[in-house]
Amino acid sequence: MIGVKRASAVSVCEIRQTLAFHALQQPIEYLRWHSGRVVPVLGAVLSIAQTIHLLELPPHFLFVAEAAVIRAQYLFPEAEIRLTENGVSLQAGPDTDLNELVKQVRYTFYREYVAHRDRHVRELVADTLFR
Amino acid sequence: MKHVLPLRFDEISDGRFVVADDTGSAFLSTREFIERYVGDKLDDRDETFLDEAGFRMNLDTSDLAFTATLKRMCARFANPSALNYLIVVPSLRCDLKCSYCQVSRVDEHRMGFDWSDDQVAKVLSFIDGLTTDNIQIEFQGGEPLLRPDILNHVMDFCRGRFDQSRFVICTNLSRLDEAIKALIAAPDVFISTSLDGSKALHQKNRTKNEGMTEAFFANLRAVIDEFGIDKVSALPTIDYTASPSPEEILDAYDAFGLRSIYLRPVNHQGFARKAFSALRNDAVGWSAYYERFIDAILKRNADSDQLFEEFTLTLAIKRCLQTGHDTHVDFRNPSFVATDYIVVDFDGRLYPTDEARMLTRSGVVDLSIGDVEAGITNQETIDQLHSVSVNNLDPDCQHCAFQPACGSDPIDDLSRYGRVDLPRPHTVYCRRQTALFRLAWRLIASNEPHIRRSVCAWLDIPYTLAPLVPAHD
Chain A
1 MIGVKRASAV SVCEIRQTLA FHALQQPIEY LRWHSGRVVP VLGAVLSIAQ TIHLLELPPH
61 FLFVAEAAVI RAQYLFPEAE IRLTENGVSL QAGPDTDLNE LVKQVRYTFY REYVAHRDRH
121 VRELVADTLF R
Chain B
1001 MKHVLPLRFD EISDGRFVVA DDTGSAFLST REFIERYVGD KLDDRDETFL DEAGFRMNLD
1061 TSDLAFTATL KRMCARFANP SALNYLIVVP SLRCDLKCSY CQVSRVDEHR MGFDWSDDQV
1121 AKVLSFIDGL TTDNIQIEFQ GGEPLLRPDI LNHVMDFCRG RFDQSRFVIC TNLSRLDEAI
1181 KALIAAPDVF ISTSLDGSKA LHQKNRTKNE GMTEAFFANL RAVIDEFGID KVSALPTIDY
1241 TASPSPEEIL DAYDAFGLRS IYLRPVNHQG FARKAFSALR NDAVGWSAYY ERFIDAILKR
1301 NADSDQLFEE FTLTLAIKRC LQTGHDTHVD FRNPSFVATD YIVVDFDGRL YPTDEARMLT
1361 RSGVVDLSIG DVEAGITNQE TIDQLHSVSV NNLDPDCQHC AFQPACGSDP IDDLSRYGRV
1421 DLPRPHTVYC RRQTALFRLA WRLIASNEPH IRRSVCAWLD IPYTLAPLVP AHD
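Protein chains in written order, with my numbering: chain A, 1 to 131; chain B, 1001 to 1473.
Since the hints were derived computationally from the structure, they do not count as laboratory data.
It is possible that part of the hints are untrue.
As the list claims (entries may be wrong) - Once the Cα atoms are required to be at most 20 Å apart in a straight line, the calculated SDA-like pairs of lysine to any residue come out as:
no. : chain 1 : residue 1 : chain 2 : residue 2
1   : A       : Lys103    : B       : Arg1031
2   : B       : Lys1071   : A       : Val121
3   : B       : Lys1299   : B       : Leu1258
4   : B       : Lys1231   : B       : Glu1291
5   : B       : Lys1199   : B       : Ala1215
6   : A       : Lys103    : B       : Ile1034
7   : B       : Lys1002   : A       : Leu124
8   : B       : Lys1071   : A       : Glu123
9   : A       : Lys103    : B       : Glu1032
Take these sequences, add in the hints, and give me the full structure.
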């Protein structure tokens, strides 16, 4: 009657750490546009890569990157966000505000990172409240 | 060593952010601060502000700021009382056929859709078994005033059984004879009715003919004149695709001296599931209309001593800034069901919420949890609903700046999508709530005198232009 908690959505996601590593090392230079035409939109896609880079992330970053991409994928399904061998790609429909989309994806990375970075604070609060 | 509490953020307008911790304490800030916070590049000025505003502290109970944080965290959790609120349906019959009817009414002349004498006895026995010493009963329908005799019976029983009783009759006010007047004259009885706006709009949506329309407006006037404005609350149900004029609706309420309006969109329940199926997954249209309505209220309030409020917005603003406003089921967390309130249908079956009753009646999913004779027997359904009734645990709500002030509505998710596990931002509930809280925070952040005047009145605080929350750039 009541569905299973989102397990299926996660399991179908084919993201490997090696690809995430490539995403870190190789800033994206191209965005595959909605028509399938490859066009240079350096700033837009780089802003995602720059977000990753500027955070100077600790070693657990790969986990955060995966989590952030998974979250971005289901929050913005129309964007078809992927980690690929060439980096991060996203597709935007003709009516999509690309700047807004990139901004929201960036915020998704931020939120995921902060949640992971500060998890120990939440754990300590919970331990103090419920011990 | 001091730590900054985990902060969530939301861009409420271009470049302007609300930043909140897990307790809902919040401040206003900028994109530059967000970049510094996420990039681990807070400067001395940032740390001083966060220290003074209570967002940075030693994570030790010897630090008063940390103890205060724990207290605020506890205060954000709704703590339901014992079962003391019953929504009862003594009759499913109704004398109206509203276009958006979200309950499952039957024609007023049908037989077998009222509580029988035997059923009344079982309901009273169920009520008698409650452990509370105060009770509130909301009579729903159908049209409950088709059976004033049953209402009288239940009221008399409760007055003798409990220290305090309060009764709300949800009625279309199509009839108002002497027996009904005697019923509602009691100081513990209140009327909740629907007023959709002008006579023309009300007739189009609800009464369908001039005679019934005139009767309703006359009866509403009579109740207010004879028993006072505090006896009555009213709400409009809005088909926002028809874009009814906010000014026209405000005029209608103004004419009766009604100042609190609870804007209710057509719900995806009952007969409205088919009649308004196009609205199943729409949140944008409603939120746009809602903002237009609030604009109209703010403009009208600017030149008036008698201020209007929209109930939901007032509640949202209060919950953004204060704890303890946990009585509305759509705005509380956890939102556990079948704890402090329960629904008793015309056939004696029990439901966790009125919407759960409607879903069952529509044949979507059986959410009944027992009956008045056996009590609650279907704990499994309650447990399943409880598993999604704590928004702290939702993987999306965890990242949301509005989570501490928000709630959850798994019944609405079931109604619209047939499941409860969609990503929150994909649900109508989340999108409407998010738009509502962004609007609430824009109003809280505003220092325009005419906006602040309304916000202060809604918060029940003296007028001030001083910031209502800290700001840091």
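Hint check:
Using a Cα cut-off of 20 Å, the hinted pair A:Lys103 and B:Arg1031 holds, with the two alpha carbons roughly 11 Å apart. A hinted pair counts as satisfied when its Cα atoms are at most 20 Å apart, and B:Lys1071 with A:Val121 qualifies at roughly 16 Å. The suggested pairing of B:Lys1299 with B:Leu1258 holds, with an alpha-carbon distance near 17 Å, which does not exceed 20 Å. Note on B:Lys1231 and B:Glu1291: the hinted pairing is violated, with a Cα-Cα distance of about 29 Å set against a maximum of 20 Å.
With a C-alpha separation of about 11 Å, the suggested pair B:Lys1199 and B:Ala1215 falls inside the 20 Å cut-off, and the hint holds. With a CA separation close to 13 Å, the supplied pair A:Lys103 and B:Ile1034 stays within the 20 Å bound. Between B:Lys1002 and A:Leu124 the alpha-carbon distance is near 13 Å, which keeps this suggested pair within the 20 Å criterion. Among the hinted pairs, B:Lys1071 with A:Glu123 is consistent with the structure: their alpha-carbon atoms are about 16 Å apart, no more than 20 Å.
With a C-alpha separation of about 14 Å, the suggested pair A:Lys103 and B:Glu1032 falls inside the 20 Å cut-off, and the hint holds.
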